[in-house]
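**Q** Heads up: the sequence lines are chains A and B, in that order.
Per our numbering, the first sequence starts with residue 1, numbered consecutively.
Per our numbering, the second sequence starts with residue 1, numbered consecutively.
Note that these hints are calculated values from the structure, not bench results.
Errors might be hidden in some of the hints.
[As the list claims (entries may be wrong)] Beta-carbon label-pair distances, calculated as ranges: (1) 317/B - 356/A: 52 to 60 Å; (2) 335/A - 322/B: 36 to 44 Å; (3) 305/A - 310/B: 37 to 45 Å.
[Said to hold, decoys possible] Chain B is nowhere near these chain A residues, computed Cβ spacing over 12 Å in every case: (4) 2; (5) 85; (6) 92; (7) 204; (8) 285; (9) 352; (10) 403.
[Stated by the list, open to error] Here are some chain A residues pointing at chain B (derived, C-beta under 10 Å): (11) 83; (12) 90; (13) 98; (14) 115; (15) 221.
Treat the numbers as computed from the prediction; the structure is a model and nothing was measured.
No residue lacks a Cβ here, since even glycine has one placed at the ideal position from N, Cα and C.
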Amino acid sequence: MNDLLAARSQMAISLAFHIIFAAIGMAMPALMVLAEWRWQRTGDPVYLDLAKRWSTGTAIMFAVGAVSGTVISFELGLLWPGFMQWAGAIIGMPFSLEGFAFFTEAIFLGIYLYGRERISPRAHLASAIAVAVSGVSSAIFVVIANAWMNSPTGFRLVNGLPVDIDPIAAMRNPGAFSQTLHMVIAAFAATGMAIAATHAWQLRRRPASPFHQAGLRIALAVAIPAAILQPFSGDLSARYVAKQQPTKLAAMEGQFHTERGAPLRIGGIPDVEAGVTRHAIEIPGVLSLLAFGHRDAVVPGLDQTPRADWPPVLIVHLAFQVMVALGSYLALLALWAGWVTWRDGKRLGRHRLLLLALVAAGPLGFLSIEAGWTVTEVGRQPWVIQGVFRTADAVTPMPGLWVPFAGFTLLFLFLGVVTATMLYRQIIRRPQSDPQTTEQQVAQ
Amino acid sequence: MSETLWTLPNAVALCALLAISAYAILAGADFGGGMWDLFARGPRARAQRELIAHAIGPIWEANHVWLILVVVLLFSCFPPAFSALMISLNVPISLMLVGIVLRGSAFAFRSHDTRGDAVQQRWGRLFAITSLITPLLLGVCVGTVASGALHAPTGSETAWEIYFMPWLAPFPLACGVFALVLFALLAAVYLTVEAEDESLREDFRRFALQAATATFITAFGALLVARGEAPRLHDALTARPSALLFFAATGVAAVVTIWALWTRRYRLARISAPAQVCCILWGWAAAQFPALIPGWLSVEGAAAPTVTLQLTLIGLAGGMLLLAPSLWYLFHIFTHHEGEPTA
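Bound-form chain A, shown alone:
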């Protein structure tokens, strides 16, 4: 394994690991706020139990997210010192702001988790809201920095070096809005669906449980609007990619040749040697329509880019297909769940087929997020800053990078297994507030 590949793999593993915790850290506080608010409004202990149990999960996920995020902030330099030296002054600003958002999130999460008995209920709810708002803000700042790597602005290039730096213009790069929107919605959809899945699973065993009914309703209240909005924000993102990163779009779509009235390909396997995408369902003219607004627009193919500067087409195309397929499933499921909730929201436990579909959706949102980030990051290769700075020029000169790659992979693997076990022990099998006891309490 050469050093560049080792460094890229380590970064990929770290990001893939962290993004799950980051997404949960972004969306879970909103669910906590809703449960906390319902508890304060109704006095129904089921909501208090929900808020407590969700906050235990959030605390564990936030801690793992915080430490894995710390690893990434260092890895930017440990693995890509060339990139950080080149771009730090341009793109440091959103990271600084993210630092403060993260600070606020950590402070108020501490207050929320440990302060229930020490502050007023109103202050307690307010601290949960502060966690939710700062969690979303910190994600927005980080994704702005990533969007800049896809559509760099705020500097002039002279002899390969940036001059006339404008960090504000860098933050207002063309991709900033669509990319942050897509990520924030994704976090809410994925987390909401995963939580809905755990309660749906329990409801299939105990259809009348008020605890799981309530949990499912709150989770769906977050997941349904997010999952339905996501295809629209995806459309916005795709238009942006079409304009800013035509090579990435061509790889996503398996579009080897520049074509007027290009078809939308569903599925299919791109054959890079032959320059064709086989076995895809092709809908004529629709790619042109989606990307540029009319059916006979010209979609630039990979043939516009020198062969050496192509991203790995197969990976990008398949990841994109996976993301779209999973996103579509979640959107349709959200419509169905929305309909059922509207018609029969008090007795969700009776709709066993819906519950089954929700259980199946549990991990899909996160898989979709992973696939989406694969499209974004692999699709930008061989550039770390699109068209400006190559990944190969950014990597550290230190030899033997497979050692940290192996080490951090094992570390993340260990943490992943442990976190999953811990959540199972604490959330699903927590003895002192077993769902059945809650049901008994409510019954009494």
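Based on the hints, put chain B in the right spot on chain A.
**A** Same frame as chain A, but now just chain B:
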């Protein structure tokens, strides 16, 4: 003098130094707490561990963010220095990260695991042991920079000479041990104030006095090592007026800490112990100023363009407006106040 001193790069470097200090006196104590968890002993070992967990629980994640702030300030405002440090200190920093990850997650797993069984105890063990790694390597990294062992690559060095030799040396390792005992001291001092039980307070007073003694020994040890290993730092520390001032202040703070502990003036010790840590860091900065990485990069030479520095300072000011009241609120809620009923 004053015109040349108050430049933008210096102002940002000062902010970074203050953030490092905040990390040391806040997160440092959290690591120190982990060490006392490891060394908890006597009939009240369990109570000691509970007090530590109780004190760290709500605040450690907020304290940890100071480190992120330092990293961000470095890479946005001094990109060449960030790059240089991340290349030449890659190995100790990677190891430090392993410590940060394991310590943080082990603590979270233990705190939120309510069963009190063997699994929970195992997390407590891991939390305690990994609390040693990060301070040690943090001290090693600071010591390496301070020693002046880092320099621009000459092209003729082996990987061993670039990536291992600068930090696998007596002075950085002495700094690592020094950081360990300092953080242990901070934690023990803070815990004397946090303890509500008189005998528990006496335990931590004893621990604090032991740590303070160890601090004196390691400080002199490190200084002796510096004479041979980091002569430039040693000369600056003992000759340059600004550094000498902080050096002297460190000594005064150290003596005050011991006296305060001896006479059970815990609230005074809670001020003098972190002051001691700050004076050490500021003395280090004063000794090497205007160098950012002695022998390689200066604060001015490594600074980002003016606009970035200006925006960062504005961002810091705005951020502090948000942060200061939030932090005050956090510590106000969770720090033990005098006048509260004691158990």
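**Q** Which constraints among the numbered hints does this structure fail? Numbers only, ascending.
**A** 5, 6, 10 and 15
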